[in-house]
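S.K.: What follows is the residue order along each chain.
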Amino acid sequence: MTADIDRLAAGPSTTRSGLRLLLASPTSAMGAAIVLAVVAMAALAPLLAPYDPTAIDLGRKLLAPSAAHWMGTDQAGRDLLSRVIWGARPSLTVGVGAVLLGMPLGVAIGIVSGFYRGSLLEEALMRSIEVLASIPLLVWAIAIVGVIGVGPIRLGPLVIVNEVKIIVILGVLYVPAIARVTYAVASGEAKADYVRARRVQGVGDATIMVSDILPNCLSPVIVQATLLIAAGILIEASLSFIGLGVQPPQPSWGGMLGESRGFIFGGEWWMSAFPGAAISLAVIGFNLFGDGLRDSADPRAVTRHGPMG
Amino acid sequence: MSRAAPLMELEGVAVDFALERNPILRLMGRGRTMRAVDRVDLRIETGAVVGLVGESGSGKSTTANAILRLLRPSEGRLRFRGTDIAQAPERDLVEFRRHVQMVFQDSHSALNPRKTVARTLTETLRHRHGRLPDLRDRAVALLAATGLAAETMARYPHELSGGQRQRIGIARALAMEPSFIVADEPVSSLDVSLQAQIINLLSGLRAERGLTMLFISHDLALVNHLCDRVAVMFAGRIVETGTPAEVLHGAAHPYTRALIAAVPRGLKGRHRHGAPPLPRQDTVVGGCPYVARCPEAIALCRTAPPALTALSAGHAAACHRVATP
Amino acid sequence: MTGTALLEVADLRVAFPSAAGMVEAVRGIDLAIAPGEAVGLLGESGSGKSVSSLALMRLVAAPGRVRASKLAFDGHDLLTLGDGAMQALRGRAMAMVFQDPQTALNPAFRVGSQLLHVLRAHERLAPAVARNRVHEILELVGLPDPPRVMRAYPHELSGGMRQRALIGMALIARPRLLIADEPTTALDVTVQAQIVDLFRRLRRELDLTLLFITHNLDLMAELCDRALVMYAGLIVEAGPVEALFAAPRHPYTRMLLECVPRLEPERRALTVIRGMPPRPGAALPGCPFAPRCPGADDRCRTSRPLEQRRGEHRVACWQAAP
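Protein chains in written order, with my numbering: chain A, 1 to 309; chain B, 1001 to 1325; chain C, 2001 to 2322.
Hints are computed from structural coordinates only; laboratory data are not their basis. Cβ atoms here follow ideal geometry from the backbone N, Cα and C, with glycine treated the same way. Heads up, some of the hints might be wrong.
What the hints assert, rightly or not - Okay, the calculated bits of chain C under chain B, using three or more residues with CB under 8 Å as the criterion:
hint, segment
1, 2250-2262
2, 2267-2278
To be verified - Quick look at which bits of chain B chain A covers, simulated, 3 or more residues with Cβ under 8 Å:
hint, segment
3, 1092-1104
4, 1110-1117
5, 1122-1131
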């Protein structure tokens, strides 16, 4: 009987690698380049910065951009370029840190709720998430830091600086966004026949959630995470702008923007332009990168057919 | 007629679904429910191919889910090799799960889109046999048994045709070395010219491996071709059972007759007339569920649900007109 | 086929862009439908049958490309017609019913408003008159209680009722030609029989011309007068259904008839057509069916068969008896 059947060949692989797709679109390539630049600045700040960002030199204050100081100097004579480069650190730390903190819990809640959709567990989890989501990020962050204070907290040997406080607050507040994205995928996949097939084999729910559902959730979660990094950068900048974020003399883009307030009308445009541009470009870059990831991550989204399939 | 215990037997199996959204009422057990499967009796003898026929809403897929213990029946007994597993906890079902597998309708969700064919097969083999050194070889052998070349291993589901995906689904089911396979509309989504390939494959594998099969379909001609026994479902109940000759060529129940009349006949059907538009299948309280559509209904049909009445040794129908001609 | 054709198509080709350049989904088909006829277009997935029907209505959007040496409807040359004029023809002169009633209706709007919307796109009518027309059409398609159906949302109707509503929507502007693309595939078999009945009645009562696209041979034989069998973008056989069914001349048609199980008491073995249909864009130097045909010879594999006619019955096969 089996000799009667043709051996059906599978044909050549048509899945193009995600990386090539990512770089194929000009906007996502640009986004990727910007993200790379920000990461490089943060990681290699000591090597890249021409001057010590905290070195005060009142004799060289408020200098316009020149060969010696590409972005000029601020009111304390500190080189702006170095401060911009070092400023990438708190931005990235908060942005990425908050996401890394919120992801495990968000993904777990999303998958469990999606898998047990229709159950009381799902109702309980998702309603709690919604309560958390109703809290506006920035307002809450301001409120908490305002109450706790900006100084470092000593817990025995541990010193919790302001950045960490912000990371924790944001991480918790990010859980709903990540849980929702995960839930959307998980609840759809939980009904799939391949999940039923695993159940019929006798595989336990936990294994199915990790081995089958989780991989399908990863790409939307990563896209969401990238967008949340962008949001985190903006929030860190906003908090530093009003003095509730990274404390001086640590350089941060928002802080620099805050300090430049008194100098906008004096003609020292470089003090607000460069940090402002840094914030904008970083946020745009991460957003574009996230969009590019969304398109390239799905193995199915690759071969596009004609209008009618 | 065999006196040996059937491989699988359903006795009075019912499945209720909760319709109530209010969590408090649900917790209290007072929510509204819908009965998708209504006290079904079904015998599946070892080595037989039994066809379960019905349209959408008939409850055939829910019955399949109950047989596979993907849900717990609300009532009734589910005997596998004589042991009732209807309410058994999951940990007692390990042996059962080894013996009973399913082949799904090839939707886009029958295979995990993020796993290669190799991964899907080897993880099933590993679950069945533990960590063996030759898992990959066994997977390739399974592919060969279903007519696929070894290079299929590295492919993702979206790179393959519907027919190939269906073969992989069959290979996955065989990887567990089952004795009983439930095939739920295994060829409905395939092109006509490919259906015959898959049907022949299933037939051949069944003969080779001595499998018992429950073949669920809406396609009467297919069931006629493949099955030793047929059961017809309507609104969650079995309305007729028997051999294909008895049920499809000597149908006793009005619904079975309506189903048969509706099958396209080709040139011979050019002058046939269909019945007027029918109301939806609703769960009817009391009485025969088919009463709203039945051209032969009598007063009794509205008040008393008919039981399956034997017409001959193997042929039974649930119809008052049959019981009291 | 005698008399003036309502629809005339010659050498229709439809191509789509792909990684490997433009790929032809339809490789040159000829088709003619006389007024009042019911013609079946039979084929499996990948045969190009659905794409052909979309091309007829000029619904193939760029970057897809439609070419034909002739594409005429009721005297209008569809190849040179402007977009506005084509828009007027669609729905008014030729209309289409799609396969999946679930997705063809907008779930956010009531059925009545969708039907009214279509009607108003073609005719200026007072609201009360328009409403009556919709009621009429709903009755025509066999839906009881038209006011209730009009008020309902699509998800509140059964599959069969939705399909009837869709047929009503297609017919509301009184087109001469109705193209039905697998209209019963998603429906239960009892509902399917009713829809087929509906088509028969509509042909009689409205003198409707029908192009019925399906993969189900038995269904097509019940409803259609003539049929064309498509494979890999080409028509391999065409003719009156009686001839096609009783004496098929092309191996694909023959094997298709034999591979489908039937509701007969005698069980016969199913003929298996080995292999798979060619992928779109696959090079086909000879007959497209040659790789799967048990009787194919070298000529079949290298040159495309010429069409042979025996009266109304034409076939493209080197092996067919003249």
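S.K.: Can you give the numbers of the hints that this structure goes against, from lowest to highest?
M.R.: none
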